[in-house]
Amino acid sequence: MTADFDVLVIGGGHAGVEAATAAARLGCRTGMVVLDPAAIGRMSCNPAIGGLAKGQLVREVDALGGEMGLCTDNTGIQFRMLNTSKGPAVRSPRAQCDRRDYNRVMVQRVLGYANLQVIAGEAVRLLPRAGGEAIDGVELADGQRLLAKAVVLTTGTFLGGRLFAGAWDEPGGRYGERPAAAISTSLRELGLRLGRHKTGTPPRLRRDSIDFGGLEEQPGDAAPQPFSFRTARLQVEQLPCWLTRTTAATHAVIREHAHLSPMFAGRIVGVGPRYCPSVEDKVVRFAEQPSHVVFLEPEGRDSDEVYPNGLSTSLPEDVQLQFLRTIPGLERVEVLRPGYAVEYDYILTDQIRGDLHTAALRGLFAAGQINGTSGYEEAAGQGLVAGLNAARFARGQEPVVFDRATAYLGVMVDDLCRVNPSEPYRMFTSRAEFRLLLRSDNADRRLTPLGERLGLVDPAAAAAVRDKEHRIRGALRWLEQARRQGRTLTEWLRRPEVTTADLLAWDETFAGMTLSSAELNEVEAEVKYAGYIDRQAMEVERLQRLEGKRIPDAFDYVALPGLSNEARARLQQRRPLTLGEASRIAGVRQADVQLLLVAISR
Amino acid sequence: MRADTMPADTIVAESSAPGAGERAVLRLSGPRARDAAALVFAPVLPDRRAQIDGDVEVRGHRLPAFALVMPGPRSFTGEDVVELHLPGGALLVRCVLDALLARGERLGLRAALAGEFTARAFTNGRLDLAAAEGILMLLHAQGAQQVAAAVQWVGGGLSNAIDALRDGLHDVLAALEAGLDFTDEELPAAPAAQFRAQLDPIAAQLDELLQHLPAAAPGGELLLVGRSNAGKSSLCNALLGREASLVDCAPGTTRDLLRHEVGGAVLWDAPGDLDAPGAADAAALALRDRLAGRAAAVVWVVDATAPVPPSPRAAGEWSCLGVVFTKVDLLPAGSPPPAPPGLAQRLTTLPQFFTSARTGAGLVELRAWLARVGSAQVAPGAPLREPLLAAQRAVARALDLADAGAELIALELQAALRCLDDAAGRHSAEPLLDRIYGRFCLGK
Numbered sequence: 001m002t003a004d005f006d007v008l009v010i011g012g013g014h015a016g017v018e019a020a021t022a023a024a025r026l027g028c029r030t031g032m033v034v035l036d037p038a039a040i041g042r043m044s045c046n047p048a049i050g051g052l053a054k055g056q057l058v059r060e061v062d063a064l065g066g067e068m069g070l071c072t073d074n075t076g077i078q079f080r081m082l083n084t085s086k087g088p089a090v091r092s093p094r095a096q097c098d099r100r101d102y103n104r105v106m107v108q109r110v111l112g113y114a115n116l117q118v119i120a121g122e123a124v125r126l127l128p129r130a131g132g133e134a135i136d137g138v139e140l141a142d143g144q145r146l147l148a149k150a151v152v153l154t155t156g157t158f159l160g161g162r163l164f165a166g167a168w169d170e171p172g173g174r175y176g177e178r179p180a181a182a183i184s185t186s187l188r189e190l191g192l193r194l195g196r197h198k199t200g201t202p203p204r205l206r207r208d209s210i211d212f213g214g215l216e217e218q219p220g221d222a223a224p225q226p227f228s229f230r231t232a233r234l235q236v237e238q239l240p241c242w243l244t245r246t247t248a249a250t251h252a253v254i255r256e257h258a259h260l261s262p263m264f265a266g267r268i269v270g271v272g273p274r275y276c277p278s279v280e281d282k283v284v285r286f287a288e289q290p291s292h293v294v295f296l297e298p299e300g301r302d303s304d305e306v307y308p309n310g311l312s313t314s315l316p317e318d319v320q321l322q323f324l325r326t327i328p329g330l331e332r333v334e335v336l337r338p339g340y341a342v343e344y345d346y347i348l349t350d351q352i353r354g355d356l357h358t359a360a361l362r363g364l365f366a367a368g369q370i371n372g373t374s375g376y377e378e379a380a381g382q383g384l385v386a387g388l389n390a391a392r393f394a395r396g397q398e399p400v401v402f403d404r405a406t407a408y409l410g411v412m413v414d415d416l417c418r419v420n421p422s423e424p425y426r427m428f429t430s431r432a433e434f435r436l437l438l439r440s441d442n443a444d445r446r447l448t449p450l451g452e453r454l455g456l457v458d459p460a461a462a463a464a465v466r467d468k469e470h471r472i473r474g475a476l477r478w479l480e481q482a483r484r485q486g487r488t489l490t491e492w493l494r495r496p497e498v499t500t501a502d503l504l505a506w507d508e509t510f511a512g513m514t515l516s517s518a519e520l521n522e523v524e525a526e527v528k529y530a531g532y533i534d535r536q537a538m539e540v541e542r543l544q545r546l547e548g549k550r551i552p553d554a555f556d557y558v559a560l561p562g563l564s565n566e567a568r569a570r571l572q573q574r575r576p577l578t579l580g581e582a583s584r585i586a587g588v589r590q591a592d593v594q595l596l597l598v599a600i601s602r
Numbered sequence: 001m002r003a004d005t006m007p008a009d010t011i012v013a014e015s016s017a018p019g020a021g022e023r024a025v026l027r028l029s030g031p032r033a034r035d036a037a038a039l040v041f042a043p044v045l046p047d048r049r050a051q052i053d054g055d056v057e058v059r060g061h062r063l064p065a066f067a068l069v070m071p072g073p074r075s076f077t078g079e080d081v082v083e084l085h086l087p088g089g090a091l092l093v094r095c096v097l098d099a100l101l102a103r104g105e106r107l108g109l110r111a112a113l114a115g116e117f118t119a120r121a122f123t124n125g126r127l128d129l130a131a132a133e134g135i136l137m138l139l140h141a142q143g144a145q146q147v148a149a150a151v152q153w154v155g156g157g158l159s160n161a162i163d164a165l166r167d168g169l170h171d172v173l174a175a176l177e178a179g180l181d182f183t184d185e186e187l188p189a190a191p192a193a194q195f196r197a198q199l200d201p202i203a204a205q206l207d208e209l210l211q212h213l214p215a216a217a218p219g220g221e222l223l224l225v226g227r228s229n230a231g232k233s234s235l236c237n238a239l240l241g242r243e244a245s246l247v248d249c250a251p252g253t254t255r256d257l258l259r260h261e262v263g264g265a266v267l268w269d270a271p272g273d274l275d276a277p278g279a280a281d282a283a284a285l286a287l288r289d290r291l292a293g294r295a296a297a298v299v300w301v302v303d304a305t306a307p308v309p310p311s312p313r314a315a316g317e318w319s320c321l322g323v324v325f326t327k328v329d330l331l332p333a334g335s336p337p338p339a340p341p342g343l344a345q346r347l348t349t350l351p352q353f354f355t356s357a358r359t360g361a362g363l364v365e366l367r368a369w370l371a372r373v374g375s376a377q378v379a380p381g382a383p384l385r386e387p388l389l390a391a392q393r394a395v396a397r398a399l400d401l402a403d404a405g406a407e408l409i410a411l412e413l414q415a416a417l418r419c420l421d422d423a424a425g426r427h428s429a430e431p432l433l434d435r436i437y438g439r440f441c442l443g444k
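If you read the protein sequences in the order shown, they are chains A and B.
Residues in the first sequence are numbered consecutively from 1, following the numbering used here.
Residues in the second sequence are numbered consecutively from 1, following the numbering used here.
No lab work stands behind these hints: they were computed from the structure.
Note that beta-carbon positions come from the ideal geometry of N, C-alpha and C, so glycine has one too.
One thing to keep in mind: the hints can contain errors.
[To be verified] Chain B is faced by these chain A residues, among others (derived, beta-carbon under 10 Å):
#1 G87
#2 T185
#3 S186
#4 R188
#5 F212
#6 L215
#7 Y275
#8 V293
#9 T429
#10 E433
#11 P496
#12 T499
#13 R589
[Claimed, not checked] From the derived model, a few chain A residues whose C-beta atoms are all more than 10 Å from chain B:
#14 S85
#15 A89
#16 R230
#17 R445
#18 S517
#19 E547
Using the sequences plus the hints, can you model the full thing?
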């Protein structure tokens with residue numbers, strides 16, 4: 001049997017795009033099966049990319065040659081760097097995109113990609129090889145069979161999707177689009193256990209019906225910074241967003257009709273995300289809070305649609321209109337399309353591995369919402385990891401697993417493998433124990449050299465990162481030498497109140513280096529975090545040392561003097577494979593781990 | 001070599017005070033506890049928590065008794081437990097116990113080792129680590145204040161204190177992390193003063209906790225273990241050159257742990273290992289077992305004139321450093337002490353000392369050796385003290401950083417929490433995000 005494709009990607013959302021383009025960049029014959037080619041890269045919810053921690057993910061995808069950052073730079077209508085008042089490790093880029101433009105540019109990009117073929121159709125069945133251990137390909141609804149060495153599932157909310165608003169519900173993956181129902185059955189037949197998640201989206205408002213007059217305007221950054229490390233300069237005319245708030249009247253309407261929400265009526269069984277609660281959830285659960293903020297975000301440059309961020313709801317359509325009109329600026333608002341909740345299947349993630357390979361079938365990979373996550377950025381990140389590893393699988397190469405100290409990609413995949421997400425998984429900086437090392441501005445320094453070795457990144461981009469590294473090192477060396485009032489500039493910058501902007505004003509040589517904003521952030525991070533970065537690096541090294549230390553199967557804990565009795569009993573019982581695993585066993589203390597370390601090294 | 005095959009066995013011991021009383025209790029624990037009880041008790045016991053009246057068979061006679069059935073994991077040891085409550089009388093209890101042990105061999109029933117019920121409770125997570133730590137502290141307590149603190153902590157107070165600290169730190173951390181992971185529009189940043197106000201009392205609590213921990217012992221600790229009447233107390237007294245321990249030729253004279261200092265090392269004289277422990281001894285034996293775990297260095301004492309095999313724990317689970325033969329003056333002149341039957345292979349390779357408390361033979365060598373190995377041992381209390389001190393340092397650094405970035409403060413608080421987890425011997429149960437969502441209405 002000869003395969004039609006090396007890698008076949010099912011789905012063309014944010015995960016599907018990165019998976020297919022990554023495999024294609026690696027030179028694999030890649031196919032992408034989508035229900036509708038015009039929907040590739042479509043944004044189901046908010047037309048925004050990035051945000052806290054998510055911005056880091058997009059930068060990591062970009063550092064590995066991915067598409068999301070470039071498309072955002074090309075179609076953005078407002079760019080903001082978030083958390084600028086906080087440290088460089090927790091700053092993240094966010095951009096508001098033109099929804100139609102983003103979709104259009106992504107479709108063009110994917111259709112024009114070398115090695116990548118788009119197939120319109122619905123995948124209805126996975127084809128296991130005789131014997132059932134590996135995958136052979138997929139069958140489409142029209143009976144056509146596509147054979148592939150590796151298959152990546154990126155079905156998003158379409159997997160067994162069902163839409164809800166008030167008493168209304170119907171099968172669907174997105175408003176007006178049908179779901180992928182058959183694949184769920186196929187996955188179950190292969191023995192994969194599925195869970196059910198829920199997410200929601202707010203109604204869309206007609207721009208002309210909103211009175212922006214009294215609302216607080218939120219402009220983009222004066223010096224907008226690009227998402228992609230490959231975008232040299234961002235030239236964009238930015239549009240503002242507006243802030244308004246819910247009122248007592250809003251809450252009264254919602255409370256009065258809360259029982260009509262399918263969430264409260266018990267008709268939705270899926271678990272929704274707490275970080276993206278529906279407005280009825282916020283009002284009911286936090287009854288003491290008098291008001292909630294609402295961001296009015298334009299959906300595009302020429303679009304008449306406005307996205308009211310913070311008003312996700314599945315209340316009946318008439319109730320949606322009723323509560324909307326109690327909000328300042330929305331007194332005469334018209335609704336273009338109601339909000340709704342969507343419930344969908346996902347694979348319980350103890351069945352996937354660190355390379356996003358599923359346990360059910362060799363060669364079957366999964367990425368995005370199908371793995372219990374939420375968000376375009378989380379989906380894109382997994383898409384890249386799955387596409388990379390599917391390509392490597394197809395070629396008989398070893399998998400690439402990112403670790404928690406190198407990338408948010410590693411944190412995310414490792415988290416997923418460890419526990420089934422009880423709610424749709426979203427990235428937070430607090431999930432990363434090595435947060436200070438994982439900055440949005442150093443994603444390229446962390447990952448592009450690896451991307452070049454793997455073949456994901458073109459040599460020009462890799463050379464640019466080497467150049468950037470060189471400039472940062474040069475600047476850091478200069479700050480060590482240059483003095484002001486008897487102190488080195490490094491010592492000055494270490495003070496909490498001093499920023500690189502001060503140094504630029506004080507020192508002509510430093511200003512003359514014309515570092516980019518991202519490079520300046522990196523200089524600041526390296527100086528301000530110096531001691532902590534060393535500490536985290538040591539901790540990383542310690543962890544890696546522990547994870548790498550294999551405990552012999554026949555290790556005799558009894559004969560090891562100095563171990564506490566409870567540690568000894570628990571170690572005997574659990575028989576951990578590595579010291580890292582041993583260190584996570586309750587009752588085993590640092591002192592015990594140290595003893596073991598010595599004993600094993602002996 | 002694995003000497004302790006504990007979890008598979010079913011064990012039995014008298015758990016009431018020995019001697020004549022109104023009634024006596026035989027406690028069985030392990031997977032076959034009900035089957036074993038059925039060997040002497042009728043009717044058949046149910047597999048649910050119950051009190052069953054019936055009778056027990058003693059040498060062909062049936063006597064009224066009752067049985068308490070406590071299925072695991074909700075029992076003291078976490079295993080299936082059956083208690084047989086019998087009419088009192090040492091001889092009667094002994095007879096029933098003998099009958100049980102004789103008939104129960106095929107069920108894997110054996111006599112419980114001293115402290116073994118406690119050990120199983122630990123292993124199965126039924127007994128709090130820090131509570132046990134409190135018991136140890138009681139032994140070390142130097143003043144009335146420390147005694148009071150220790151007594152309180154025995155009841156789980158120490159773990160409560162650590163839990164309270166962790167809880168407080170988690171709250172502070174949750175507020176900081178929420179400020180980092182959500183924008184100012186979603187959650188206005190908390191001022192530095194508020195953070196200080198939250199963290200200061202936690203730092204104070206931590207200081208107080210450390211003040212109440214007894215200072216670590218100067219040297220390491222060595223525990224003398226061995227069969228009852230092996231001559232441990234005589235040996236101690238001879239080493240110290242004074243009558244510190246009450247010595248008697250009757251077995252089981254030493255009912256408490258006695259602490260002596262020998263040339264920088266701390267020597268504990270522990271109760272003997274032979275008899276089914278009575279309730280009065282159980283506490284001392286439980287303490288001894290804790291100490292054996294903490295002190296980590298055990299010296300096995302054997303009566304040279306009546307060598308017996310070591311208990312499985314002394315041979316295996318405990319870290320035996322050496323073997324001391326006592327009463328060598330009673331051996332026929334010139335004859336080496338006979339090797340104890342069944343001496344575990346590992347023990348034969350350890351340093352051996354042949355001593356006599358009466359003639360002073362071998363004491364000089366033993367004393368020098370004890371001082372040397374004692375100083376190399378880990379002091380008890382250190383496992384708790386070190387992580388608590390590290391937590392204290394991390395909290396102090398966090399307070400110093402109050403005006404710097406929240407991401408740096410968070411790093412120190414995470415470090416402090418890891419130290420407290422280490423001190424408590426377990427990891428925090430509640431994920432940070434749960435705490436954040438429990439407190440703030442967040443998200444768009």
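Now the hints, each set against the structure:
1. G87: Because about 4 Å separates G87/A from the closest Cβ in chain B, which is inside the 10 Å limit, the hint holds.
2. T185: With a minimum Cβ separation of about 33 Å from chain B (threshold 10 Å), the hint on T185/A is violated.
3. S186: Check failed: Cβ of S186/A comes no nearer than 33 Å to chain B, outside 10 Å.
4. R188: violated, 30 Å
5. F212: Cβ of F212/A sits 17 Å from chain B, so the hint is violated.
6. L215: With a closest approach of 13 Å, the L215/A hint is violated.
7. Y275: holds, 4 Å
8. V293: holds, 6 Å
9. T429: With a minimum Cβ separation of about 6 Å from chain B (threshold 10 Å), the hint on T429/A holds.
10. E433: This hint holds: E433/A lies near chain B, its Cβ roughly 7 Å from the closest one there, short of 10 Å.
11. P496: holds, 5 Å
12. T499: Nearest chain B Cβ about 12 Å off; hint violated.
13. R589: This hint holds: R589/A lies near chain B, its Cβ roughly 5 Å from the closest one there, short of 10 Å.
14. S85: At about 8 Å from chain B, S85/A fails to clear the 10 Å cut-off, so the statement is violated.
15. A89: violated, 5 Å
16. R230: Given a closest Cβ separation of 27 Å, the condition holds.
17. R445: holds, 19 Å
18. S517: Check passes; 19 Å lies beyond 10 Å.
19. E547: For E547/A, whose nearest Cβ neighbour in chain B is about 17 Å away, the distance exceeds 10 Å, so it holds.
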